[in-house]
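Can you make the complete structure from the sequences, with help from the hints?
Chains as they are written, first to last, in the numbering used here: chain A, 1 to 113; chain B, 1001 to 1111.
In case anyone wonders, no lab produced these hints; they're calculated from the structure. In this text, a Cβ means the ideal position worked out from N, Cα and C, and glycines have one as well. Watch out, some of these pointers could steer you wrong.
Claimed, not checked - Quick look at which bits of chain A chain B covers, simulated, 3 or more residues with Cβ under 8 Å: (1) 42–48; (2) 94–102.
Stated by the list, open to error - Cβ-Cβ distance ranges computed for the label pairs, FRET-style: (3) Glu1015/B to Leu84/A: 37 to 43 Å; (4) Gln1070/B to Thr13/A: 39 to 45 Å; (5) Ala97/A to Asn1022/B: 25 to 31 Å; (6) Thr13/A to Asn1053/B: 30 to 36 Å; (7) Glu1005/B to Ala97/A: 25 to 31 Å.
As the list claims (entries may be wrong) - Which residues of chain A face chain B? A few of them, derived with a C-beta cut under 8 Å, are: (8) Tyr33; (9) Glu56; (10) Phe65; (11) Phe91; (12) Gly105; (13) Asn106; (14) Gly107.
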Amino acid sequence: EPEVTQTPSHQVTQMGQEVILRCVPISNHLYFYWYRQILGQKVEFLVSFYNNEISEKSEIFDDQFSVERPDGSNFTLKIRSTKLEDSAMYFCASRRADNSPLHFGNGTRLTVT
Amino acid sequence: QKEVEQNSGPLSVPEGAIASLNCTYSDRGSQSFFWYRQYSGKSPELIMFIYSNGDKEDGRFTAQLNKASQYVSLLIRDSQPSDSATYLCAPLSSNTGKLIFGQGTTLQVKP
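Rendered as C-alpha cells:
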C-alpha cells in the first residue's frame, strides 16, 4: 500500500540554524499538508498546498516557514532560523481529492538545542 | 468555544468491553469526519471516516454522526489491550479542506 514517507526521522539542530524537512506524498494525491505536534499537545495545522501554491496557512506558519514542491514528488518544509519552541514532531500528510482522508507520514522529530 | 472538543481521559475499560469516545465540533458546515488512532510517539493512523448522519460499522469499530447536534462518536467493541492509544477526532473544515484535530481521548484497555 502506498504511503507518505518523511526524512529524516529525527533532526537535531542548534537555535538559529535552518532546517529542511522532506516528504514524499503518495503519488496520485493532489493536496499536501504539514502539521506539527509539540510533546503532549494536540496535532496542529501549519499549512496546506494545492496546485503548486499555498492554499491556507495557520498563525504558526510565519515568515520563518516556507514550503516547496521542487519536483513532481517531493514536498519540503523549511524553517529558516529555528527557535527552541520549534521543537516538535512534524507530520506531512496528503490526500487524493475533496473529502478523502489525510494519510500521514511517520513524522520528523525536530529537536532545537 | 474550541473547534473540536474531546474528553482527554484517560478512559479506562476492561478487556472485552465497549469503549465509547465522544467528540463535538463547532463548524456546522463540516461534512466529513475522521477518527485517527495515535500511539505514543507515532503518527496519526486513520481508522474510520463518516460522511452521513447515522452509524457506520467497520469490524469492531462503529462511528456515529449527528450533524444537528454537531456530535460524532466512536465505539470500539471487544476492546483489546492493543487498542490502548489516543483517539483523535478530526472534522474536515468546510471552507478550507484542512483537518482540525481535537486534543484526543486516551484509551486504556486493561487485561
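Hint-by-hint comparison with the structure:
no.: 1; hint: 42–48; result: holds (count 5)
no.: 2; hint: 94–102; result: holds (count 4)
no.: 3; hint: Glu1015/B to Leu84/A: 37 to 43 Å; result: holds (42 Å)
no.: 4; hint: Gln1070/B to Thr13/A: 39 to 45 Å; result: holds (41 Å)
no.: 5; hint: Ala97/A to Asn1022/B: 25 to 31 Å; result: holds (29 Å)
no.: 6; hint: Thr13/A to Asn1053/B: 30 to 36 Å; result: violated (47 Å)
no.: 7; hint: Glu1005/B to Ala97/A: 25 to 31 Å; result: holds (28 Å)
no.: 8; hint: Tyr33; result: holds (7 Å)
no.: 9; hint: Glu56; result: holds (5 Å)
no.: 10; hint: Phe65; result: violated (16 Å)
no.: 11; hint: Phe91; result: holds (5 Å)
no.: 12; hint: Gly105; result: holds (6 Å)
no.: 13; hint: Asn106; result: holds (5 Å)
no.: 14; hint: Gly107; result: holds (5 Å)
Against the hints set out earlier in the document, violations occur for numbers 6, 10.
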